[in-house]
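Here the structure of chain H is known, so what remains is to put chain R in place on it, guided by the hints.
Chains as they are written, first to last, in our numbering: chain H, 295 to 554; chain R, 95 to 346.
Derived by calculation from the structure, the hints in this document are not laboratory data.
All figures in this text were calculated on a predicted structure; none of them were measured in a lab.
Some hints could be false.
Claimed, not checked - What follows is a list of derived Cβ distance ranges for each label pair:
id, chain 1, residue 1, chain 2, residue 2, range
1, H, Ala407, R, Ser248, 18 to 28 Å
2, H, Ala433, R, Val186, 39 to 49 Å
3, H, Asn472, R, Ala275, 26 to 36 Å
The beta-carbon is built from N, C-alpha and C at its ideal position, and this holds for glycine as well.
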Amino acid sequence: MRNAIDIDDLSFRHDAAAQPAIEQVSLGIAAGERVALLGPSGAGKTTLLTLLDGRLHGWRGRVSVLGHPQVPERAPALANRADTGFIFQEFALVERSTVMRNALNGRLGRMPAWRGLLGSAAKRDVDIATAALRDCGIAELVDRRVDSLSGGQRQRVAIARCLAQEPRLILADEPVSNLDPARAAEILGLLTTAAKARGATTMFSSHQPELARRFADRVIGMRNGRIVFDLPTGQLTDDATAALYGDADPAPGVRLKVVS
Amino acid sequence: MRRRDLGGFWAGALIAGVVLWSLVTADVELSRLISAGPRIADFLGRMFPPDPTVMEEIWKGSAETLRIATLGTVGAVILSIPLGLLATETMVSPAIHRPVRTFLAFVRAIPLILVAMLMVGAVGLGPLPGIIAVAFHATGMLAKFYAEAIEGVSRAPIAALESAGAGPLLRLRHAIWPQIAPVVARDTIFRFELNLRESLILGIVGAGGIGFYIQTYVRSFQYDKAASVTIAVIVMVIAIEAINVALRRRFS
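Okay, chain H solo, but in the shape it has when bound (with noise of 0.2 Å):
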C-alpha cells in the first residue's frame, strides 16, 4: 500500500529567522498509522504539520501526500485538500456561528460551491455532520454559539470539524495541550479512536509522552528541526524522551523554552 506521507530530504526556513525551522528531515508514514510527535517548543512539530497541510511554501526537498507531490512555491488543488484534515491548537472557530454551522464548514470543499455560498448543506452533509458531533459527544450543542462554550467543549467542535470533512489523513497540532490531563487523554481518545474508525490515517503533535504511548502506534522525537528518534511506541523509551526534553545538548545560539 502506497504511503500517507514520504518526506525526503526536507528543509525549510521561516523568512528571517537564523535557524532553519525543519532540517534534513525524510519520513514515510504508512497508511493507516497513528503517528505522534514529540519534542519540546520550536523544534519544528508545528512547522512540519503546517507545511503538510500545504499552507507553507518556499520550502526545499520532496513531500508528497496522499500520492500527491507538493510543489513548493504553491498551495495545493483545493480538490485535493480537503483529503487532508487539520486540527489547529486555539480551534480556529467561527466564534459567532453555531456548533452545527462549524461542523458543516468542514463540509466546504465537498459540496457544490453554491450550496456553500447560499449555506444550504444537503442532507447528507447534515448528516454526516451529526455523525461527527455525535462521535465527540456534542450532538446536543448543535445550536449554541461556539463564543459560548467552554475550551474542552470547543476542541470537540474543531475536532468534529475536521471529522466532518471526512479527511484520509488527520494532522492535530497539540490538539489537547489548552486542556486539564484527565480531559486531554479523554479527547485525544476520542480523536484517535474515530480517525481509526474512519481509516483515516493520523499525525498529532504533543508534549506529553504518555499521551503518545497511549494513543500512537508510532513516535518520532523531534529537536531543533530534525528527527532524533522514530520508534514503535513499544520501544519507547523513558531515556529518550528525557534526552529529547533535557538541555543536555542545546544547538549553539538556541534557547529552548521546555514547557511541561
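Just chain R now, with coordinates in the frame of chain H:
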C-alpha cells in the same frame, strides 16, 4: 534653548501669525456687530411664533430627505462592498489596494454639498442628484470602514476553511462574514445617521429634501415659517440619534 523648546516656539509663532493675518485682512468691523444688535433681535423676533401652517411642507420635505438618505445609503453600501474588499491589505495585493485607498481618501475629501452642486448641474434639480451625491460621498467613509472590519477579523478560521478545501468566496462567506456582520451593521447604521443629517441641507443647492423649504422661506423673508422647518429639522436630528443609539447598542 533646546531643539524641542524651539519647535514649540515656532509652532506658537505660526499659529499667532495665522490668527493675526486673518483678523487684519478679513475686514471685520466689530462696530457693525454691536450696532446690529437690535437688528438681530428683530430678526429673531420675526421667527416667533413659528408658523404651524407649514406642516404639510414639513412632512413632504422630511419624507423626501428620508428617501434621499435611505436610497443614498443603499447606493453607498452597494459601492462599498466591492471597494471595501479591494481596499483590504489582507485580501488584495498592494498594486490594487493602494490606489483604491487613495481614491477613497479623495472621495472623502470632497464635501457633500459640493458633490450635490455638481450633480444638480449634471442631472438637474430634484432628489436624484441628492441621492447620487449621498451615495458617492458616503462610499468614501463606508468602504474604508468595511475594509477595516475585514482586516480586524481573526485569521485562524480563514486558514481552517482553506485547509478544509474552501475557496476564497466560501472563506469570505463562512469565515469572514460571520465575524464582520455586527461591525458592518453598526457602521452602516452610523453612516445612515450621518447621511440623514447631511442631506437635510441638500435642498439649499436644489438637490431635494427639507432644506429646499428653509431656503425658500428665508429668501422670501417668511422667518416664522423658516423657524417651523428649523424646529422640525432639530427634532428629526435628535430622533435619529436616539434611534441609532438604541440600535447600535444591539450590535455591540
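Hint by hint, here is what the structure shows:
no.	hint	verdict
1	H:Ala407 x R:Ser248: 18 to 28 Å	holds (24 Å)
2	H:Ala433 x R:Val186: 39 to 49 Å	holds (41 Å)
3	H:Asn472 x R:Ala275: 26 to 36 Å	holds (27 Å)
Checked against the numbered hints listed earlier, the structure breaks none of them; every hint is satisfied.
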